[in-house]
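K.L.:
Those protein sequence lines, which keep their order, are chains X and Z.
Residues in the first sequence are numbered from 0 upward in steps of one, following numbering that gives the first Met the number 0.
Residues in the second sequence are numbered from 0 upward in steps of one, following numbering that gives the first Met the number 0.
In short, the hints are calculated from the structure, not lab data.
On a predicted model such as this, the values are computed, not experimentally measured, just so you know.
Mixed in with the good hints there might be a few duds.
If several chains are the same, the list does not tell them apart, and a pair holds so long as it fits within one copy or across any two.
[What the hints assert, rightly or not] Here are the simulated lysine to any residue pairs, SDA-like style, with alpha carbons at most 20 angstroms apart:
#1 Lys313 x Lys457
#2 Lys122 x Asp219
#3 Lys365 x Glu346
#4 Lys471 x Glu160
#5 Lys457 x Asp153
#6 Lys122 x His468
#7 Lys359 x Asp108
#8 Lys313 x Phe483
#9 Lys173 x Asn125
#10 Lys110 x Leu216
#11 Lys41 x Gly254
Protein chains: 2
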Amino acid sequence: MANRAQRPLALISVTDKSGLIDFVKSLVSLNFEILSTGGTAKHLTDMGIKVTDVSSYTESPEVLDGRVKTLHPAVHGGILADRSLSSHLEQLPLINARVIDLVVVNLYDFKKDAKEKGLPLEKAINHIDIGGPTMLRAAAKNYVHCLPVIDPVDYDDVLRELKTESQSLDFRKKMAFKVFQTINQYDALIADFFRDAIGNASQNKDAKEHLPETLTLTLDRRNTLRYGENSHQEAAIYENSSSTGGIPSATILQGKELSYNNYLDLDAAIDVISDLTPTPAMTIIKHTNPCGTAASSQLTAKDIFLKALGADPKSAFGGIVASNIPIDEAAALAMTEIFLECIIAPEFSTEAVNIFSNKKNLRLLKYGSQTKAERIRDQLQFRSICGGYLVQTPDNAEQDFTTWQTVSKVKPNEQILRELAFAMSICKNVKSNAIVLSADHRSIGIGSGQMSRIDSLKIAINKASELGHQLKGAVLASDAFFPFRDCVDEAAKVGITAIVQPGGSLRDQESIDAADEHGLIMVMTGRRHFKH
Amino acid sequence: MANRAQRPLALISVTDKSGLIDFVKSLVSLNFEILSTGGTAKHLTDMGIKVTDVSSYTESPEVLDGRVKTLHPAVHGGILADRSLSSHLEQLPLINARVIDLVVVNLYDFKKDAKEKGLPLEKAINHIDIGGPTMLRAAAKNYVHCLPVIDPVDYDDVLRELKTESQSLDFRKKMAFKVFQTINQYDALIADFFRDAIGNASQNKDAKEHLPETLTLTLDRRNTLRYGENSHQEAAIYENSSSTGGIPSATILQGKELSYNNYLDLDAAIDVISDLTPTPAMTIIKHTNPCGTAASSQLTAKDIFLKALGADPKSAFGGIVASNIPIDEAAALAMTEIFLECIIAPEFSTEAVNIFSNKKNLRLLKYGSQTKAERIRDQLQFRSICGGYLVQTPDNAEQDFTTWQTVSKVKPNEQILRELAFAMSICKNVKSNAIVLSADHRSIGIGSGQMSRIDSLKIAINKASELGHQLKGAVLASDAFFPFRDCVDEAAKVGITAIVQPGGSLRDQESIDAADEHGLIMVMTGRRHFKH
């Protein structure tokens with residue numbers, strides 16, 4: 000074929016010029032002719048490299064500010080022709096095309112030029128690349144004949160391959176893979192941008208859109224972690240490329256790098272205090288469970304902390320503290336009395352930061368105001384299982400006691416209802432089966448992660464007794480219904496006066512009868528809060 | 000502008016012809032001229048609709064089997080021209096273009112035509128669409144002027160919008176969003192296909208590739224679930240579009256639809272029995288924790304089940320059973336004696352299936368041989384937290400007691416080591432802090448999900464005592480090191496004779512001294528197994 004006798008042809012059009020000149024000079028020394036456009040052509044020419052401009056190759060006038068210059072049969076025929084078919088090679092002259100052997104293109108930087116600059120959609124679209132992805136996808140499709148290069152980091156490997164006698168198809172496949180992978184991410188970013196521009200209002204019209212037939216997640220690595228849940232596991236923390244806010248975006252004021260388990264505990268901590276907001280509250284988390292939580296509109300930050308700590312001082316050792324109010328000097332002094340892994344709060348006073356600076360390893364995190372809103376409204380919860388992914392909307396139910404139903408003969412006053420709501424807000428965030436005992440807006444006994452509900456209650460009672468808390472007059476929250484009356488009997492035995500639970504068991508009446516026999520208050524929420 | 004005086008122009012090229020004729024007839028009645036290609040043009044002409052073929056519009060010969068017919072400035076200028084710029088409109092005639100107002104295109108079905116047919120890469124590439132995505136992306140970029148339609152389900156909405164006096168930009172943005180979202184998924188599918196073709200061997204060369212800077216997940220919804228962890232949460236189960244095997248692919252032989260919590264428990268169940276394989280084993284899961292587990296090379300399926308059940312018969316109520324051996328008639332009869340939610344096993348005999356058929360609600364699942372392999376080698380573990388995603392490689396460490404170190408004066412024999420390995424295999428899959436007591440390859444007491452290790456031990460001991468298990472001579476596994484000697488003292492008190500733990504505490508020596516004082520065996524694995 001006449002075409003094959005010609006010199007090999009490389010089409011080059013890049014936004015990222017790093018390493019370009021050396022690379023192209025090497026191509027020229029390998030006898031390549033260079034086809035190029037606009038800024039790239041000028042850059043190469045300025046450096047003394049001879050290039051043919053695409054518009055003189057296509058013999059098509061450059062119009063529409065260059066929007067269509069590469070969208071031409073002479074370009075795409077050259078890329079897409081199947082060199083193993085003589086028909087294809089014979090037809091190329093009909094469209095003024097030559098075979099193109101190498102396509103070196105990278106995309107307009109939509110993220111930097113549009114997203115990060117906060118451009119409105121009508122301006123952002125100017126940074127959507129049409130010609131680039133098309134040339135790259137075409138070359139990737141025809142990878143056997145036309146090598147696509149989307150990333151300057153690959154220039155050395157490309158040259159090595161081009162110099163090799165028998166070029167490897169594996170390398171070409173890898174380059175083609177990278178094209179589809181990169182464009183895939185590029186379009187996900189643009190889709191996210193459109194989604195945001197459309198706004199959440201119209202998005203949420205149809206609930207099913209949350210859980211569509213195909214769900215694409217494009218995640219940017221925020222940090223590689225030292226290891227995962229255990230040291231023989233690798234791990235990293237990722238963010239949605241469109242998200243801002245949340246724990247990964249919290250400002251780290253001091254301390255060692257966060258570990259996988261820190262992140263997991265921080266997540267649980269944020270859940271607990273978000274559910275207690277707007278009441279000032281703090282919680283201490285160990286192994287994703289709150290071992291001490293307190294809330295108060297009257298107390299200082301220091302006293303709220305001491306109250307939460309007093310719930311279970313032994314378990315708090317090495318824990319994570321989350322606060323929904325600023326940390327001042329007095330609170331900081333109290334916090335440095337014990338060993339903590341991490342403290343997260345909306346604000347730290349300058350004095351507090353100074354005090355903490357003596358504890359080099361303690362991590363201090365300042366979170367933005369978005370933390371709760373995001374958790375509650377936007378984010379789907381993902382969890383991988385063997386061979387699949389469970390995806391669900393978050394448990395964003397609030398404890399609104401005005402909707403609860405009192406089923407016992409004894410009726411609660413508002414103070415008791417508020418205490419029950421406090422206990423349930425914590426219980427919702429304890430691993431199931433969960434029982435939380437509380438008094439005066441402090442947890443005094445928590446039973447978590449048991450296979451049997453009565454065991455969770457026994458653990459909660461034992462903890463409260465061991466720690467010297469007064470059970471008489473305390474309240475109880477259960478994350479799910481009581482399958483039998485045994486929990487109510489056990490609660491009455493130790494002097495608990497009020498119980499909140501979802502209800503819904505076939506044997507609800509047994510539990511209600513038990514409450515009435517013991518003169519207990521029982522309230523049903525109608526809403527289960529399993530968390531695993 | 001002369002061009003604007005012309006009739007509106009729609010470019011139509013679709014693989015999915017559903018609803019096409021009615022739609023196009025409506026367009027014609029709205030005065031649209033129709034531009035079309037190949038199969039679509041023929042289909043429309045056959046139905047009596049007048050169309051202009053793209054090649055007569057572009058005046059470019061149809062070559063290369065149609066690979067480049069729409070990759071032409073006359074097409075893309077018509078789509079991309081900014082109608083608000085007179086320069087753009089004036090330049091269109093220079094490239095023989097007219098403004099195109101509507102682009103109706105859907106993509107070659109790569110999934111159906113290439114992936115599901117199992118085509119090799121070199122044939123599959125023929126099903127990669129280049130022209131289609133380019134026209135759609137161009138129209139989506141210029142959505143203000145050119146409306147892209149990628150999905151026949153939108154035809155009615157499109158017609159409604161076209162008939163409206165003042166067309167809404169919101170609708171156009173939504174259509175553009177759908178384009179980028181769909182093409183994003185399309186390219187993810189192709190990228191996955193290339194990744195598979197390249198093969199895992201070359202993929203795994205660099206461990207960091209597991210956790211790349213950008214991670215794209217394209218998930219196909221397998222089932223919409225009735226609800227999530229709780230009834231006020233929506234949920235669905237997804238699969239990687241490239242994955243086969245695992246729990247979502249298990250064959251459901253009978254029973255109600257699986258719930259979110261069933262899937263979570265099944266995942267935990269598969270972990271436990273996978274870690275005990277090849278020894279025949281069964282486990283019963285409640286709230287993601289194993290409440291009873293037994294393994295034996297001598298016993299029948301029935302007796303292994305009864306042994307596991309006997310570990311904690313009360314907690315087993317409503318549990319999930321997983322087995323790594325087939326379920327026969329005798330085992331099925333024993334299993335139907337109690338209320339179980341679900342049974343998963345590699346095989347069920349015909350007699351067993353008959354017996355279970357009397358329990359209509361009981362879910363029976365048959366899993367393929369890939370279940371373990373996939374879990375262990377391939378799948379990254381994802382977990383969303385507030386604003387981000389934790390991603391880690393799985394905890395695939397096996398309990399190889401030949402690598403363990405005996406630190407106590409009393410040394411274990413092989414029988415004891417095997418018992419310790421059994422206990423640790425379970426402990427690894429219990430929520431942290433985890434303590435497992437076992438005897439004769441059966442768990443007899445499990446302490447899970449506590450904030451303090453000694454509490455987990457106390458729970459395990461209490462459970463074992465309540466259930467009448469013999470603690471004397473039992474062994475203990477701990478998922479992490481002992482921070483103090485209290486656990487060892489407590490274990491000795493009840494007659495436990497051997498302990499396995501990772502070691503690694505600053506106070507290891509205290510625990511070792513305690514073991515020696517009590518004449519206990521203590522073995523260290525060097526490997527922690529937190530699970531949250």
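K.L.:
Go through the numbered hints given earlier and state which of them the structure violates, listing their numbers in rising order.
P.N.:
The structure breaks hints 2, 4, 5, 6, 7 and 11; every other hint is satisfied.
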